[in-house]
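J.: Spelled out, the chains give:
There are 2 protein chains.
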Amino acid sequence: MVELSVVGKRLPRVDALEKITGKAVYGTEVYLPGLLHGKILGSPYAHARILNIDTSRAERLPGVKAVVTAEDTPKTRYGVSWIVDAKDEQMLAFDKVRYVGDEVAAVAAIDEDIAEEALELIRVEYEELPAVFEPEDALKEDAPRVFGDSNIQKRVVVTRGDINKGFQEADYIFEDRFRTQHVHQCHLELTDCVASWDASGKVTIWVTSMDPNTVRTITARALGMKESKIRVIQPVVGGAFGAKITLIRPYAICALLSRKTGRPVRVVNRREDDFSTTRPRLPMIIEIKTGVKKDGTLTAREIKAIADVGAYAGEGAGIMAMGMSYPVSLYKCPNIRMDGKTVYTNKLSMGQFRGYGGPQALFACETQMDMIAEKIGLDPIDLRLKNAIDKDEVTVLGWDVKSCGLRECIQKVAAYSHWYQKRKEKKPNRGLGLACSIFVSDCKEYEFGGSTAFVKIDEDGQISVRSGEIDYGQGAFTVFCQMAAEELGSSLDDVTFFGTDTDVTPHALGPWGDRVTVSGGNAVRLAAIDARRQLFEVAADMLEASPEDMELKNRKISVKGSPEKHLLFEEVAKAAVYDKRGSPIVGRGTDVRKTDFIDPDKGFAGNISSSYTFNAQIAEVEVDPNTGQVRVLHFATANDLGKAINPTMAEGQAESQIVQGLGFGLLEGLKFDGGKVMNPSFMEYRIPNSVDSPPIKVFLVEPIDPNGPYGAKGAGEPTIMPTAAALANAIYDAVGVRMKDLPITPEKIVRAIEAKSKK
Amino acid sequence: MVELSVVGKRLPRVDALEKITGKAVYGTEVYLPGLLHGKILGSPYAHARILNIDTSRAERLPGVKAVVTAEDTPKTRYGVSWIVDAKDEQMLAFDKVRYVGDEVAAVAAIDEDIAEEALELIRVEYEELPAVFEPEDALKEDAPRVFGDSNIQKRVVVTRGDINKGFQEADYIFEDRFRTQHVHQCHLELTDCVASWDASGKVTIWVTSMDPNTVRTITARALGMKESKIRVIQPVVGGAFGAKITLIRPYAICALLSRKTGRPVRVVNRREDDFSTTRPRLPMIIEIKTGVKKDGTLTAREIKAIADVGAYAGEGAGIMAMGMSYPVSLYKCPNIRMDGKTVYTNKLSMGQFRGYGGPQALFACETQMDMIAEKIGLDPIDLRLKNAIDKDEVTVLGWDVKSCGLRECIQKVAAYSHWYQKRKEKKPNRGLGLACSIFVSDCKEYEFGGSTAFVKIDEDGQISVRSGEIDYGQGAFTVFCQMAAEELGSSLDDVTFFGTDTDVTPHALGPWGDRVTVSGGNAVRLAAIDARRQLFEVAADMLEASPEDMELKNRKISVKGSPEKHLLFEEVAKAAVYDKRGSPIVGRGTDVRKTDFIDPDKGFAGNISSSYTFNAQIAEVEVDPNTGQVRVLHFATANDLGKAINPTMAEGQAESQIVQGLGFGLLEGLKFDGGKVMNPSFMEYRIPNSVDSPPIKVFLVEPIDPNGPYGAKGAGEPTIMPTAAALANAIYDAVGVRMKDLPITPEKIVRAIEAKSKK
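Sequence lines, in order, name chains A and B.
Numbered by numbering that gives the first Met the number 0, the letters in the first sequence go through residues 0 to 758 in order.
Numbered by numbering that gives the first Met the number 0, the letters in the second sequence go through residues 0 to 758 in order.
Just chain A, with the same shape it has in the complex:
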C-alpha cells in the first residue's frame, strides 16, 4: 500500500466553515423575487371518497394567486421507488383519500397566512369510508380495502436449503415475535421546496431532498413531463436520514403551483405536517424461528414479517425484504426461509430511515440470539463468534464477503466494556447487552451500478470535484475532496466541491445502501487519476519529456529521476488553459460495480454489494425496577468500515447512529388515533437529547477491502442497526425482562417486571 497523505487523516469537513458561520444556504433561505407561498390541504378523514371540490371561494380571497386540485394534474398513478414496482401514488387525490393528511388541494398566495386562510375556504365534499389501521386487521377477509381487492401490497418468499430438515436437525427451536414502531427521521430542517417555472416550460426546484436526481425523475413522473424539463438544485440540507425522498408530492405540488401562477413558489411544511404526512420508518411485526444445535450451531432460520406500508406502497417492500435478509446473512445457516408481506393501511405512507429495514429485523435477530445463548448456556459472544459470517465466505443469499472485521469488532467492544468481568461480577439492576450487524456498502438499483465524477483543475491550480453523489450532511464532499487531493499531490485546501445541481453534476443512483464513499468515491479517485494523466501530458510537453516519466508530489510535477526538471502544479494548470488546450483540465471517472441488481422479489439474493460492513456494540444500562427508567451508562461500538477515509467523520457517523438507535430503542414512536398522528411535535414526540446521550466509545476496525477505494467500505448505517437489540439485551441483563416491542418504555418495563413476578 502506498503511503497516504490526505486519505485516512483527521481533517475538518470542507463545509465546516460555511456551516458554523451561518453562511450556508439551507432550503428555506432560498429566495426569489416575487416568491409566493404554497400551502397544502390534507384530508381530515383516513378513508373517504371525494365527491366534489369547490375552490371558488378560496380563489376569490385577495392575495390568492392559484388553487390547484387533481384537475390540474395528469391524474395518473406513479411509483416513487426504483426497485418496488408499485404505481399507486397520486400527486393530488383524484378518487379517494387514504389517510389523514392525504393531499387534496393546494394554494399559492402572497403570504403564508392568506394561503392558510384560503385552505379553509376550499370546500371538499367527502363520503367517508370504513378504514383500517392495523396491518393484521388489514389482512382479515372483511377488512376495508385501501387499494383494489387485497390489502397485501406485496408478498416476498425466499427459501434456501431445506428448512424442514434444518429444523429437524435442531436440538432447540426458538420462536419469537417482535414488533417495531413508527419512528420519524426527525430531520431538524422541515420538508421544504422552492419551484420556479420558466417561459420555456422548464422548472427549477430547490429542494433539500436526499437525492436531487431521484426527485427530478419522480417529479417528472408525477407531473407527466420530461425529466430534462426539471432542474433540481440542492441547497445545504439540514438532515434527511432516509426521509425527503420517496416523498415527492410537496415538490411536485410546489412546481404545479409555480406553473399555474407563473411565479416562484415556496412550500414549507410545519413540523406537524412533517410528522403527519412524511414517511417514517416502516413498522414491522417480525416472527423469527431459529433451530439450534446444543453446541450453538444454527441449523434453520425462518423470518416472517408483516410490514405496514400505510396508504401508499413507497419503497416498503424493498425495506421489508432487505430487513429479512440481515438475520440470515449475519450468521451462517444453510436452511432459511423468508416470508414477508407489505400491507396497506389507512395511515401515512411509510419509508426508509437509516438502516433500511435493518434496525427492525436486527432488533428481533439480535435479541433472539441472546435468548438462544442463555438457553444453551453459551456466552452471547461465543454464540455469535460460532456462527458469524467471515471473510471470503459467501452467505446463504449469495453475498460475497471479501473483508470482515466482525470478530475484531466484538473483541474490541468486549475488552473496552470489561464484558467478561462485568457479566461475572454483576451489579444489581445493571446490565450489559451486545448486538451485531451486517450492512451493504453499495447497491445497484437499476442495470447500471456505479457512479460518475469529474475533477476539474482551474487555471490557478485549484481543483474542484463534481460528483453525481450528494452530501446531505454525511460528509461525502469532504471524503471526495480528500481522495482528489490524494491523487493529485495536493492538500485538502486545494480542493473544493461543487454542490449538487442536476443540470450540472453527473447523474447518480442516489445515496442508498452506503454506496457513496465506495462507488462515488472510486469515481472521484478515477477522475482525479484521469486529471493527473492530462496534467502529465501538458507538463511533459512543457518539459520536453514523456508523460510516463512524470511524477507529482506536493504540488510539484517533475521528471522522474531529474527533480531539477520540474514545474509547479499551477503553472501546468495555467498552460493547459492558455497555451495548450483552451480549457481547464477535466478528468472523468466512471466507477462500475459488478454486483447484482437488488430485487425485493428475490429477497436481495445474489451478491448485492461489492463489500459488506460489520458492527458490534455493547450497551451498559442501569434500570430502576420500580419506575422502569433506563439510564444508559455507556456505549462501545466498533465499526468495520474498511479504510476510514476520515476517522473523525467516521466516528461522528457512529455516534449519531447510536443516539438515533437509542431513540428507536427507548423513546420514540408516533401515536395514532383513527389514523391521525396524535403527537406531531417535539413536545410530544421525544427524541434523545444531550442528557439522554451516553458517553460513546467508537472503535474503527479497518480491514482493507479489495473492492473499495483505498480499501474503504460504507460507514453511514451499520451502527444504528443493532442498537435497539443491544439495549434490550442490556435491560434483560439488568432486570431479567425480555422486551420485544419497541420502544422499550419505562411503563412496558414495569409491566414486564410485574408480570414476571406474578409467575
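Hints are not guaranteed to be accurate.
Any copy, or any two copies together, can satisfy a pair, since identical chains are not distinguished.
Simulated crosslink set (DSS-like; lysine-lysine; CA at most 25 Å straight-line) [as the list claims (entries may be wrong)]:
hint, residue 1, residue 2
1, LYS225, LYS401
2, LYS303, LYS139
3, LYS228, LYS22
4, LYS593, LYS573
5, LYS755, LYS164
6, LYS303, LYS552
7, LYS139, LYS228
8, LYS22, LYS225
9, LYS573, LYS225
10, LYS390, LYS579
11, LYS164, LYS331
Simulated from the structure, these hints should not be mistaken for lab results.
No experiment lies behind these values; they were computed from the predicted model shown.
Fit chain B to the supplied structure of chain A, relying on the hints for placement.
T.: Just chain B, lined up with the frame of chain A:
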C-alpha cells in the same frame, strides 16, 4: 455538401419566448436575501492628487454597512486587456484621480437613497492638478502628464514594401485628415452587478457583462485573488456592443463591498454614470495618404492615427492598430506604412464598440476612395473592384483570404439601388454613397486559439449545449443549438442551451472579432459529432451491430441498410444512463484555430483570422441644403458571411449595425467641458430611433468558407464599419460637400455648403 435540415433555416431564437414573455431574468432582476445597495463615489476633478479621505461620517450614517476606499484594495495596478500590455488601472484611486468620475470610494447601505446620501458624507481632500483633454494637446512638450513621463501610451509602426517608392510610382497622391468622435455603446440595460461573498472566501458575481470569463480573470487581478475563487454567472444581457468588459471596476468594487459587509451587494449605474464612466468607442484622428496611378491602381498607402484612450489605456492600442489595418487590407497595395499613437488624456477611458477600430478607419478610407475615384474619373465601384482583395489572395499584412464575396456584395447593392441609373440621372439634393469593409471572423488573444463545448443528451433524449462562448444578445445560443440539432438528426425544439456560468460552462476567449459562430460553433459541431459517436456505441450494443454501421435521421438510429433495425433517439439516451454508462452521454468538442496571435505592436500582421468577411453598402440620402438636414431614404447592404446559419438572425444583425452606424455617422457624440461629460442622458445624447431608421435591404452573400462550420464566417460587425462613409459619400453626391469629421451634423453640412459657395 450534405443537405442541411436545421442549419441555414429561418428559425426563431431559442431565447425568444423568455424574452417576449418578460420571463427572462436580466441583471437587475437578480435578487438575494439581505441584498445591500452599493454606490460609487467618483472624482469631481479631471486631474487631482488625493490628499486624504475621511469616511467616518458616512460610516456613522444609519443604514450604511460599509465604506471602501483604496485602503481596502491591494493598491496594485493591473491591465484589463489580453493583448495590450498596460498595467495602469486601479480599482479605487490610491494616488491621483485622472478623470471626472474616477472611482474614489464606495458605500454599501440598506437602500439606494442611504447609499447616495452616504457618498455625500465622504470627505475627500484633493489637490487639483492641471489637466489635458485633447490628444493633440497631450502630445505637446509642456502638456500635463496623465501617467509618468509621456502621454504617449503606445506607438505602433508597421511598414511593408517600400512606401517612398510607392509614392514615387503614383500619378496622384491624396492626403486627407479625418476625425471620429466619442460614441457610446448605449446598451439600454445599465451596467449592473450583484456580488455575494461566501464563507470559504469565494465570491459569486452575477453580471451582464460581455464576457464572464474575462470578468472573472480581470476581477481576480483587481482584487489580488485566485481566479477560481470567483464565479461569474451571466443573467440575460440587455445589450453590450463591446462595452461592459474592460470596465471591471464596478464589478470588483461590488465584490469588495460584499466581502466587507458579509452580505450580497448590488451595484447599478445610473444612465449618467454609464455615459460618464464606462468606455465609449475610441475616438481617432486619422491621416490617410494614398498614392494612385491614373488607372486607379493603388501604389502606396500611409495611415497615421492619433487615438485618445482617455485616462487608462484599456484596449485602446489594440483598437487603434486593428483600425489602421483595415484600409491596407481591404485593397491591394504592396507599399504601406501604419503609424499610430494612443494618447492619454484626462477623460474617461475609451474602449471597444462593434467594429473594433473599423468604423473609425473605414470612415477615412472609404471616404477617400470616393475622392480618388472622382479625381481620376472612375466610378467608385470600378475603383474599388480594381483594387479589392479577392479569394485566395494574401493581404499585405498576411491575412489569408480563403473566401471572398466582396464583388458579389457590391454587385448586389448596386443593382438593388439602381446605382448606375441614379448616378446618371441625378436628382437635386439626392445622393448615393457606397462603402465597403473587411473584417475578421475570429481572433486569437493568447497562445491557444479556439473554443470548447459540451453537448449532453439527457435520459429523455433532450440535447443541451454548453459552450464557453456567450450569448449577449447576438443569438449565439440559437446558432449553436441549430448546429447541435443538425449533427444529431434532431429539431431545434430538441435542443436547449445552458447559460454562461464560469463554474460550469467551459473556458473561452470571449466574443471578440466575430469568432463565436466560427470557433465556438465549430466546437459545438465537434461536440455534437462526439455525442453522436457515443450514441452509436450504445445503440450498436443494443442492436448487436457495429457503431460504424449506424445512422441517425429524424431522431431514429438505425443500422445502415436495415431500417427495420432501429431505435428511437430517446430509447438510446435512456439506455445510456440506466443500463450502459450510468451517466448521460456528454460529447466534447475542442476547436483549434491555427491563426496567428493578434498583436497590436505588429499592427495585426500575420494571418490573424481563419476567414474574413466583407460588406458593401449603399446609402441613399436627401439633404436639405438650407438646414443641412439629412434624410436617409434607404440602405442596401450585402454581407459576405459565408454560410448563414440562421438567415433571419443574420439579417437582424445587419440591420442593427446600419442603424448604429447611422448614429455614429450623423447623430451621436459625447460632449465634454473640462473633461466632464455634458450630455449624459438620452435627452441630450441622440441615438437613432425608428423615425430615423431608413428601410434597409439586406443581402446575404454566402460563399462557403473552408475554415468555418458549414462554411460559416462571422456576421456581427462587418456591416457597421462602412456606414458612416457610405453616408458621407451620399451626402457629397447630394450636395457636393466632403464631410471628414463625425458626426455629420446639419450644422456642419450648412457650414460646409457656405464655405464651398464662398470659394
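J.: Does each hint fit the structure? Answer for all of them.
T.: For each hint, the structure was consulted:
{"no.": "1", "hint": "LYS225 to LYS401", "verdict": "neither (41 Å within a copy, 45 Å between copies)"}
{"no.": "2", "hint": "LYS303 to LYS139", "verdict": "within (17 Å within a copy, 100 Å between copies)"}
{"no.": "3", "hint": "LYS228 to LYS22", "verdict": "between (30 Å within a copy, 16 Å between copies)"}
{"no.": "4", "hint": "LYS593 to LYS573", "verdict": "between (38 Å within a copy, 20 Å between copies)"}
{"no.": "5", "hint": "LYS755 to LYS164", "verdict": "neither (35 Å within a copy, 123 Å between copies)"}
{"no.": "6", "hint": "LYS303 to LYS552", "verdict": "neither (56 Å within a copy, 55 Å between copies)"}
{"no.": "7", "hint": "LYS139 to LYS228", "verdict": "neither (45 Å within a copy, 64 Å between copies)"}
{"no.": "8", "hint": "LYS22 to LYS225", "verdict": "between (34 Å within a copy, 21 Å between copies)"}
{"no.": "9", "hint": "LYS573 to LYS225", "verdict": "between (40 Å within a copy, 12 Å between copies)"}
{"no.": "10", "hint": "LYS390 to LYS579", "verdict": "neither (49 Å within a copy, 31 Å between copies)"}
{"no.": "11", "hint": "LYS164 to LYS331", "verdict": "within (16 Å within a copy, 102 Å between copies)"}
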